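Undergrad: One letter stands for each residue in the lines below.
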Amino acid sequence: MPLLEITGLKKAFGGVQALGGVDFHINENEIVSVIGPNGAGKTSFFNVISGLFAPDEGSIVFDGDSLANHAPNEITRRGIARTFQNVRLFPNLTVLENVMVGQHCRTHAGMWSTILQTAGQRAEEQLIEDKAKDVLSFFGSRLAGYRYDQPAFVLSYANRRRLEIARAMATEPKLLLLDEPTAGMNPRETAELTELIGDLRDKKGFTVVVISHEMKVVEQISDKVVVLDHGVKIAEGDYDDVSTNEDVIEAYLGRPAERDE
Amino acid sequence: MIDMRRTFRFGLLAGGAMAFLGGIGMIESFNERTLIDPILRMGDLFLYGTLFVIAYIAARGEINILEEPDYRAAETTATGAAVGFVATMVTVVYALLITAVDVVEFFPNMDEAMVESLTFEQGAPIGLALLGLASVIVGAVGGWLVSTADGLKQSISKVVGWVLGFALLEVVVTDIVESRDVSRLIYSPNGGLRLWSVAVIAVLVVYLSRRYSGRLTSFAAEVSNADSKSRLRRGVIAFLVFAAIVLPMLLGGILNELMINVSLFVLMGLGLNIVVGLAGLLDLGYVAFFAVGAYGTAVLTSPLSPTFSPQLNWWVALPIVFVLAAIAGLLVGTPVIRMRGDYLAIVTLGFGEIVRILLLSDWLTPLFGGSQGIRRIPGVDVPFLGEVGGTRPEFFVYLTLIFVLIAGYISYRAQNSRIGRAWAAMREDEDVAEAIGISTVSAKLLAFVTGAIIASFAGALFSAKVGAVFTNSFDVLVSIIILVVVIVGGMGSISGVIVGAFVLIGVLGGPKSPGLLAEFAEFKLLFYGAILVFMMLKRPEGLLPSVRRSRELHQDEMSQDAWLEKGGDFTADDAEGATT
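Note that the protein sequences, when read in sequence, are chains P and R.
Residues in the first sequence are numbered consecutively from 1, following this note's numbering.
Residues in the second sequence are numbered consecutively from 1, following this note's numbering.
In isolation and in its complexed conformation, chain R is listed as follows:
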């Protein structure tokens, strides 16, 4: 039997989510983008996608109760459909309420247009019926999918994934193929995939995955099992390096631009990771060091720097910028040496804002241009290529990648050394670290300075790429987002920071730059918040956590496991030791 109360709860949840997505105007704004020409728009994808996921989860819970496989399909489909039905009821009531009562004054998005967007532009009676029908069908499909065989489930999810991938990345794909005629084959002139290209993608995906996925997984297993010095492993690494060198040439301007943005955040993430992840100093004003790097480069290289304008070459300016950043690190670090935890976070938050406000102040305007900023910052002089700036992203991307490699290497070396151990000890217990001979003052300052210098890498690259710096590129949101990148990726983990930056900055977009899904712009922070909450609940150690960090968060379970492995008796081990 279906658990009615549970299903009803999930239905309410789905309905609430759908109403919320409508209420914030997301469906309306996303519906301007067509994904598959006549049948699917992006807003509808999110609306019914949410319902689909919730129906799937509801039905999956139902399976645990069922034992006879024959009933599965019917029961899960029914559960899904029921979830869809309840969700519709909620949405219908909501839509009717909005049409009846005028709340636009308080909730600017809750107007007739929003109701239209929920009802396929059909308005009250017919549209609502359509909404109900679609919801029940989507819910039923979600429920039915639970009961299908694993192979079929995989094929379906692959097809859906690829089709949506192509549909969502229309702009990028068009940019890469660089030929209007070719992209017209795949995409309709109204935007969105053509129906028949959906069919082609589906067939190709199913065929290729049937044919090659087995080989691919066995190859992957072989590679991961291979000895680190074996030819196979080296071949794979060589291939990856080669790909990294060649890829930017093949990718279009949009992707390279995106790669640069991601790399800048990877850089800042790596720097902050040293401060927060390794040394455990929660710094909420990290953007200040980014600003020091960017403004330092701007003043030293731009001919339009208001007062002091040495017009140095970028490479000559770079070491001076490092020194400036190191001094900034000391300036911020020294006064907060005795502070811990929350107090440190608040004070650094203040420092970050102080830097931005100082840059804007009348006092420093003669030097930094105030709200006018500094323009005409030249690009980077590269031998054989000439000046490389933001207008040539396909070359600039290499420059950022080189600095990412350097920062990654510094983090890696530091982490597995005497210094890294001292940081780890300090993060665990500051008093004890001090008592066993670690000078926490110098360890903290070292962390601040190293972090500051890595942020100044990003700052120097940023100003050379954009060609102008303004104070609003350095507000507190940037600090927060870098921290979110580090947390979502995995604190204390280099690969985690990289993955975090790709997922957040690459897909959703940074604070000032669009990601792969440019439509998210308005709702970016909502998604950041949602991802952060989800991660904290389900995987607090981050996507690719460091070993220490996941130990920290799973101490209880691990001690339990260790206890069980020993047959539940710790003293047995001790007795053994005593007799030998």
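Only chain P is shown next, with the shape it has when bound in the complex:
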């Protein structure tokens, strides 16, 4: 049984059909890329899965349960975490705090135990911090050491993207949705992150859906590629199939001009 199974997903904003009946599934321990030209509905697809928008029609079944009409925080609690295309960190919180906050839905200390500073609450705080440092260590020394106490806004662009992934990882999800994780990175950083995305599955055991524009990244990491255009899935399969698919080429490059005989 697939980890996430989506059937006939529809979402319209006024007259614009952002998603026009998308079917999608991903098995555990897979990496699936979602590609498509600008405005194809990729980010809307993520927004609907993560609960920011309610779907108009269609079903989303995650891990055996329907996700329809759940608040975003509930969906995260069930095990879907995401990053944002336009990096949305908490800029004035420190690097460490950004990740610690990610564990909110996995921890329980309430107002009373916080005020009374119970042993359980103190142990939990310590655990949160340790786990956050552990998650950050995934990115080597880039977000460790003196970086812990820096506010997130001083980070370089690439580090912000890494931190956002770390924050998503801290929610202990089964499924990670990465929205253009390599956008704005230079080739070396892109290569490094591509490798890390592979590690997310191989070493950390996450299932990953990636939106990307960079075909090289898509080629290297994907078990399967799904192509969206105008809110409709136009192709699905492994990279080689999709990259030679005529509909896909047409969607990206347009139809070749008819030649007069």
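Derived by calculation from the structure, the hints in this document are not laboratory data.
None of the values given here were measured: they were computed from a predicted structure.
Virtual Cβ for every residue (Gly too), placed ideally from N, Cα, C.
Careful: at least some of the hints might be erroneous.
To spell it out: a stretch of chain R is covered by chain P in this simulated footprint if at least three of its residues, at any positions, have a beta carbon under 8 angstroms from a beta carbon of chain P; those stretches are [said to hold, decoys possible]: (1) 407-420; (2) 440-453; (3) 463-472.
Here are the simulated distance ranges between beta carbons [unchecked claim]: (4) P:E28 / R:D431: 54 to 62 angstroms; (5) P:T118 / R:W315: 21 to 29 angstroms; (6) R:S183 / P:G110: 50 to 58 angstroms; (7) P:G39 / R:S495: 44 to 52 angstroms.
Sample of chain P residues at the chain R side, in silico, Cβ under 8 angstroms [said to hold, decoys possible]: (8) S50; (9) R82; (10) Q85; (11) N86; (12) L93; (13) R167.
Starting from the known structure of chain P, arrange chain R on it as the hints suggest.
TA: Just chain R now, with coordinates in the frame of chain P:
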């Protein structure tokens, strides 16, 4: 050379300020208070103080242009004098205009009496000449002071500070020494310091500061550098605690009364700080929770509560009041959960007023007494002391301090915990907070409820202290002033709220209570406004800001600094990471 245009501009500014202070009647009303018996009245202090400050700033700007130190004194003095002269011209024209044209109908304070107050009660020709002379001298002194050596400048400002402090706090000092004979030694029977006591204070201040200030600063440095567990640090803390315990006994009734008022605002400030500063929910109706606390206590404890009158002990009533406040927090919080920013502010503003109007309404009058309020609220029963109410401020102050400590502790614990982080995240970006698994609904409700309960501390203490509650103690101005306390002190910062309450409520006075400077009563809101504008321009993060808040307001500068520290190259750091 003196920059004439600049000096002229500052002169106009000073003149305008002086004319304004006169026009609103402040000088006239402040002049009723003498500060130093024959020579200085409070109105004159503000009139020439303003000029002095502006002249000083004008002259300080001039120094940047000058290079030769010898010319400094002459040039800055001249600049100051010029500012004083221009200011006089403005004021003289203004005074003549007012004498010539009758505008009392539109500006009730702009009459002959005001002109008198500006001119040392001498009227047109002589008084105006005196005004001019005084302005030029004050301006010149202000300018001259810029060029003096730092040591002298410090001594002068210390002397002026102490003398004015003693003069302004005459009532309080008299109250503390509790002996008419002793205070007569310092103060003249007409009010104000005697001339010779000014001299004594000046000599003492100069002598003591010369002798001990070096030691004091080195001691302070030692304390702040000391390890948090060292004996020195502990000794200082023990001393502060001891002082807090003993001080109310020594202070007079006026200061204790003031301390209680300040503490009540500290309490409300701490509560609002949780809602606004930590969770980022702009609540303009916060006074509603204060009212719930006060009226809840009143109904439960007073024998005169109109319908329902269980006459409980204050301590028994307290937990019930907390529950009521928590319910009020939920009632206000639930409908506004989906609102943000401005909309939330407007709706909560409405809620605050609704509570007050409901209390006044015919419908609830049988329960809360309407405009009659509820009287005869008993004080707090304290073991060994009996009933402690407003008539025994020296004991009541301890009670409020205990609740301040509790509220401060709650804020401190919450701020540095899972809950505090969730609030901070929600304040930064509500959608993302929701998307990473924070239930913003429960985080918001928790903030509202915690804030409401802390406000009800203040309400319960307030009604026990005053002994009666009326709806006009809970109007919208109170909400605004609590918010100003939080903003001026520093949003999200516990120590900031405390400092803010001391500065605003302690010195200027709260919405219904006088502060240290009781004369401000009429002009309190003017000063609140002026302070708020000044703070927003010069120090928007507040007096003692929280780290997060100052980051937020200085993001650009900080990223610039971080960039510079790295030698202006962010990618250098990344390259390093890639090779390792």
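Undergrad: Hints first: check each against the structure and report whether it holds.
TA: Against the structure, the hints come out as follows:
Residues of the stretch 407-420 of chain R lying with their CB closer than 8 angstroms to a CB of chain P number 7, which satisfies the three-residue condition for coverage. Chain P is given as covering the stretch 440-453 of chain R, and this holds because 4 residues of the stretch bring a CB closer than 8 angstroms to a CB of that chain, at least three being needed. Counting residues of the stretch 463-472 of chain R whose CB lies closer than 8 angstroms to any CB of chain P gives 0, so the stated coverage by that chain is violated, three being the minimum. Taken as a hint, the range 54 to 62 angstroms is violated for the pair E28 of chain P and D431 of chain R, whose Cβ atoms sit roughly 28 angstroms apart.
A beta carbon spacing of about 25 angstroms between T118 of chain P and W315 of chain R agrees with the range 21 to 29 angstroms that was offered as a hint. Take S183 of chain R and G110 of chain P: their Cβ atoms lie about 55 angstroms apart, and the range 50 to 58 angstroms holds. At roughly 51 angstroms, the beta carbons of G39 of chain P and S495 of chain R sit within the given window of 44 to 52 angstroms. For S50 of chain P, the interface hint holds, the least distance from its beta-carbon to any beta-carbon of chain R being 6 angstroms, beneath 8 angstroms.
Annotation: interface hint on R82 of chain P holds; nearest CB of chain R at approximately 6 angstroms, less than 8 angstroms. Taking 8 angstroms as the C-beta contact cut-off toward chain R, the hint placing Q85 of chain P at the interface is violated, the least distance being around 12 angstroms. Hint on N86 of chain P is violated. Least Cβ distance to chain R is approximately 11 angstroms, over the 8 angstroms limit. Because the closest C-beta pair between L93 of chain P and chain R is about 6 angstroms apart, less than 8 angstroms, the hint holds.
With a least beta-carbon distance of about 6 angstroms to chain R, the hint placing R167 of chain P at the interface is held under the 8 angstroms criterion.
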